[in-house]
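So the protein sequences, as listed, match chains A and B.
Under my numbering, the letters of the first sequence match residues 40 to 429, in that order.
Under my numbering, the letters of the second sequence match residues 103 to 258, in that order.
There may be inaccurate statements among the hints.
Within a straight-line C-alpha distance of at most 25 Å, the following computed DMTMM-like cross-link-like pairs (lysine to aspartate or glutamate) qualify [said to hold, decoys possible]:
(1) B/Lys-196 / A/Glu-236
(2) B/Lys-115 / A/Asp-60
(3) B/Lys-115 / A/Asp-104
(4) B/Lys-115 / A/Asp-167
(5) B/Lys-196 / A/Glu-240
(6) B/Lys-219 / A/Glu-236
(7) B/Lys-219 / A/Asp-60
(8) A/Lys-267 / A/Asp-95
(9) B/Lys-219 / A/Glu-105
(10) A/Lys-163 / B/Asp-210
(11) B/Lys-115 / A/Glu-105
(12) B/Lys-219 / A/Asp-95
(13) B/Lys-115 / A/Asp-354
(14) B/Lys-196 / A/Asp-60
(15) A/Lys-428 / A/Asp-354
(16) B/Lys-255 / A/Asp-76
(17) B/Lys-219 / A/Asp-167
(18) A/Lys-163 / B/Asp-250
(19) A/Lys-64 / B/Asp-120
(20) B/Lys-115 / A/Asp-356
(21) B/Lys-115 / A/Glu-94
(22) B/Lys-219 / A/Glu-240
(23) A/Lys-163 / B/Glu-173
Covered by chain B, according to a simulated footprint, are these stretches of chain A (three or more residues, beta-carbon under 8 Å) [said to hold, decoys possible]:
(24) 275–286
(25) 377–383
Computed list of chain A residues with no C-beta within reach of chain B, every gap over 10 Å [unchecked claim]:
(26) Thr-72
(27) Ile-102
(28) Gly-112
(29) Ser-122
(30) Glu-159
(31) Leu-174
(32) His-177
(33) Met-186
(34) Ser-215
(35) Arg-232
(36) Asn-309
(37) Asp-354
(38) Ser-422
(39) Glu-423
(40) Val-426
Derived by calculation from the structure, the hints in this document are not laboratory data.
Heads up, the beta-carbon is just placed ideally off N, CA and C, and yes, glycines get one too.
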Amino acid sequence: MERRVAVIGVGWSGFAPQTADVSYKELMFEAATRAYDDAGVDPRRDVDSFITCAEDYWEGFSIFDEFVPDQLGAVLKPTCTVSGDGLHGLVNAVMQIESGLFDVVVVEAHSKASDILTYEGLLKFAMDPIFTRPLGWHPYALAGLEMARYLYDTGNTEEHCAMVVEKNRRNALANSLASYAADLTADDVMDSRPLFEPLKELDVAGLADGCVVMVLAAEEVAEKLADKPVWVLGMGWANETISPELRDWCRPVYAEIAADMAYAMAGIKNPAKEIDLLEVDDRFSYKELQHVEALGVCDYGEASRLLEDGVFDRDGDLPVNPSGGSLGVGNLLEASGLFRAMEVVLQLRGEAGRRQVQDVEVGVAQSWRGLPTASGAVVIFGSEKEVKKP
Amino acid sequence: MSVERSRLPDEIKHWYGDMICDYTYTLGIAGEKFFTGLKEGRILGTRCPRCGAVWVPPSIYCPDCFEELTEWVEVPDEGIVFSFTIAHAGPDGKPLQEPEIYAFILLDGADGGLLHKLGEVRPEEVYIGMRVKAVWAPEAERKGAITDIRYFKPVE
Ligand SMILES: [Zn+2]
């Protein structure tokens with residue numbers, strides 16, 4: 040990258056199935072206060088620009104972007120909203136700094152899912168109004184369909200998906216932010232209520248409220264302010280067609296393209312060897328296997344063997360979702376990607392507490408926009424400014 | 103699909119608000135042609151002159167080449183089950199009385215196909231690759247909607 044960019048502060052709030060005592064504005068205020076304190080910045084004085092990530096329907100507002108400045112310290116400052124996942128917002132923050140326009144940029148994303156009384160209705164509104172909605176399906180049926188074809192093509196099995204749930208919900212036991220930590224087994228998952236076979240109730244991440252705020256800065260500012268700046272080494276993003284009928288039903292091509300772009304930027308040639316830690320979207324259990332394979336860690340159909348061998352465990356060779364992922368922490372809607380990025384940052388700073396992975400220098404966060412989309416982003420972070428050559 | 107929600111909207115902690123959002127979605131050039139076709143019992147796609155793909159659902163642009171598409175072709179109302187799921191929950195997440203079978207049907211001669219229900223078949227009999235055919239609503243009842251096809255059933 041022409042102008043290096045680092046994360047110099049992170050903050051969070053909520054991370055619970057319900058946050059009935061605070062409004063979304065207060066959630067944002069709390070997370071922002073933590074992030075600014077962590078970064079050692081005063082938003083009124085030091086921050087040049089603010090990016091929030093939100094979707095009007097999730098929030099229950101029209102023009103939600105107009106409701107964000109006050110609680111972030113962004114009044115009378117450049118502010119804009121990315122209608123998408125937090126990782127897309129982070130990518131935009133990096134570009135604002137790289138371009139030389141700003142030196143310090145803040146990115147925010149949150150979920151106030153517990154305020155939504157008609158979650159199914161909103162999801163339905165995300166589906167094609169003419170071809171899909173009249174069928175009267177619950178949108179998760181699309182996940183069941185994709186899972187069935189993915190397993191058929193790769194030879195990965197329902198049991199492997201159940202093992203993902205076991206791993207992530209157990210990982211979450213060491214994460215105080217996790218809403219769905221549980222000492223359950225793959226058998227419990229297999230025995231859970233079938234929803235859209237092969238998808239079962241415990242294959243699906245439950246909803247949670249939470250907010251994540253990050254402060255990013257240009258190299259010279261980052262080195263002055265932060266003891267442990269975490270460097271953005273590469274990033275990529277891509278969209279497939281919105282029509283499921285026209286997509287590849289096995290490979291999440293959006294994640295392949297995003298990863299290739301990010302690897303090229305970071306100079307990563309052998310992801311399995313050069314990456315120490317992965318946080319990928321696992322809002323449906325099979326998506327974790329699919330995303331790990333799309334990120335080039337192994338061929339399609341091989342993630343199951345690596346999972347069986349414990350490679351993806353927190354103490355394995357390539358930990359995947361040591362945070363507990365969305366299955367363990369909860370589905371944070373548009374904050375899902377930024378939460379993954381925060382986990383990577385904390386791990387690289389050595390501040391992940393009981394879930395700390397040993398010897399990590401390069402970590403990857405990957406996001407998926409959720410049903411019915413085929414889009415997402417990949418961001419590579421490093422504790423050093425370059426990926427060390429093996 | 104348990105979702106923790108505020109169950110006491112009248113409590114001072116919350117204010118209840120609803121949104122009334124009704125729309126008429128314009129079908130457009132491609133949609134009008136496609137759904138008029140369905141009313142006539144035909145499935146239509148658009149062919150790309152550059153890459154040769156036949157797109158169903160159709161559009162007036164190629165998602166691969168960005169070519170404008172003007173050639174319409176009828177594709178058979180038969181194809182294979184590319185993927186299927188046994189649905190145990192309805193649109194609101196509540197359990198269904200009887201499980202239903204949803205599928206993505208890859209239509210013969212098309213790059214694509216339709217999401218639809220399967221009928222006249224039991225869940226344990228369905229497999230990926232199974233040949234299926236559209237069962238149409240009687241002509242008088244068709245409205246130019248995706249539901250003009252009642253479901254797809256196995257081809258004997
Ligand atoms: Zn074409």
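Evaluation of the provided hints:
Restraint check: the Cα-Cα separation between B/Lys-196 and A/Glu-236 comes to about 15 Å, which is no more than 25 Å; the hinted pair holds. Under the criterion of a C-alpha separation no larger than 25 Å, the hint pairing B/Lys-115 with A/Asp-60 is consistent with the structure, at around 7 Å. Note on B/Lys-115 and A/Asp-104: the hinted pairing holds, with a Cα-Cα distance of about 24 Å set against a maximum of 25 Å. This hinted pair does not check out: B/Lys-115 and A/Asp-167 have alpha carbons roughly 35 Å apart, beyond 25 Å.
With a CA separation close to 12 Å, the supplied pair B/Lys-196 and A/Glu-240 stays within the 25 Å bound. For the hint pairing B/Lys-219 with A/Glu-236, the CA-to-CA distance comes to about 14 Å; that is within 25 Å, so the pair holds. Annotation: proposed proximity of B/Lys-219 to A/Asp-60 is violated, straight-line Cα distance about 44 Å (limit 25 Å). The hinted pair formed by A/Lys-267 and A/Asp-95 fails the criterion: a straight-line CA distance of about 35 Å is larger than 25 Å.
For the given pair, B/Lys-219 sits about 42 Å from A/Glu-105 by alpha-carbon distance, which is inconsistent with the 25 Å threshold. Restraint check for A/Lys-163 and B/Asp-210: the C-alpha separation of about 29 Å exceeds 25 Å, so the hint is violated. Only pairs whose Cα atoms come within 25 Å are accepted, and B/Lys-115 paired with A/Glu-105 is accepted, the gap being roughly 23 Å. Pair hint B/Lys-219 plus A/Asp-95 does not hold up; C-alpha atoms about 32 Å apart against a cutoff of 25 Å.
This hinted pair does not check out: B/Lys-115 and A/Asp-354 have alpha carbons roughly 43 Å apart, beyond 25 Å. A hinted pair counts as satisfied when its Cα atoms are at most 25 Å apart, and B/Lys-196 with A/Asp-60 does not qualify at roughly 29 Å. A C-alpha spacing of about 22 Å is found between A/Lys-428 and A/Asp-354, which places the hinted pair at or below 25 Å, so the restraint holds. Only pairs whose Cα atoms come within 25 Å are accepted, and B/Lys-255 paired with A/Asp-76 is rejected, the gap being roughly 62 Å.
A hinted pair counts as satisfied when its Cα atoms are at most 25 Å apart, and B/Lys-219 with A/Asp-167 qualifies at roughly 16 Å. About 21 Å separates the Cα atoms of A/Lys-163 and B/Asp-250, which keeps this hinted pair within 25 Å; it holds. Restraint check: the Cα-Cα separation between A/Lys-64 and B/Asp-120 comes to about 20 Å, which is no more than 25 Å; the hinted pair holds. A distance of roughly 47 Å separates the Cα atoms of B/Lys-115 and A/Asp-356; the hinted pair therefore is violated under the 25 Å criterion.
Distance hint between B/Lys-115 and A/Glu-94 is fulfilled; the C-alpha atoms sit about 23 Å from each other, no more than 25 Å. Distance restraint check for B/Lys-219 and A/Glu-240: the Cα-Cα separation of roughly 22 Å lies within the 25 Å cut-off, and the hinted pair is therefore satisfied. For the suggested pair A/Lys-163 and B/Glu-173, the alpha carbons sit about 32 Å apart, so the restraint of at most 25 Å is broken. Counting residues of the region 275–286 of chain A whose C-beta sits closer than 8 Å to any C-beta of chain B gives 5, which meets the bar of three, so the coverage hint holds.
Only residues whose C-beta sits within less than 8 Å of a C-beta in chain B count toward coverage, and the region 377–383 of chain A has 0 of them, not enough to reach three; the restraint is violated. In this structure A/Thr-72 is separated from chain B by more than 10 Å, as the shortest Cβ-Cβ distance comes to about 22 Å. The Cβ of A/Ile-102 lies farther than 10 Å from every Cβ of chain B, with a closest approach of about 13 Å, so its non-interface assignment holds. Every CB of chain B is more than 10 Å from the CB of A/Gly-112 (nearest about 26 Å), matching its label as outside the interface.
Against chain B, the non-interface label of A/Ser-122 holds: every CB pair exceeds 10 Å, the least being about 17 Å. At the 10 Å boundary, the C-beta of A/Glu-159 falls inside the reach of chain B, the nearest C-beta of that chain being 5 Å off. With a least beta-carbon separation of about 6 Å from chain B, A/Leu-174 fails to lie farther than 10 Å from that chain, contradicting its non-interface assignment. The non-interface label for A/His-177 is inconsistent with chain B: the shortest C-beta to C-beta separation is roughly 5 Å, within 10 Å.
Interface exclusion of A/Met-186 from chain B breaks down, the closest Cβ pair being 8 Å apart, not more than 10 Å. A/Ser-215, annotated as away from the interface, keeps every beta carbon of chain B farther than 10 Å; the closest lies near 19 Å. Not every Cβ of chain B is farther than 10 Å from the Cβ of A/Arg-232; the closest lies at roughly 7 Å, contradicting the non-interface assignment. Annotated as non-interface, A/Asn-309 keeps its C-beta farther than 10 Å from every C-beta of chain B; the closest such distance is 31 Å.
At roughly 32 Å from the closest C-beta of chain B, the C-beta of A/Asp-354 stays outside 10 Å, upholding its exclusion from the interface. Every CB of chain B is more than 10 Å from the CB of A/Ser-422 (nearest about 37 Å), matching its label as outside the interface. Residue-level check passed: A/Glu-423 sits 40 Å from the nearest beta carbon of chain B, beyond 10 Å. Once the 10 Å rule is applied to beta carbons, A/Val-426 is consistent with being away from chain B; the minimum gap is 34 Å.
The structure fails to meet hints 4, 7, 8, 9, 10, 12, 13, 14, 16, 20, 23, 25, 30, 31, 32, 33, 35 from the earlier list, while all remaining hints are met.
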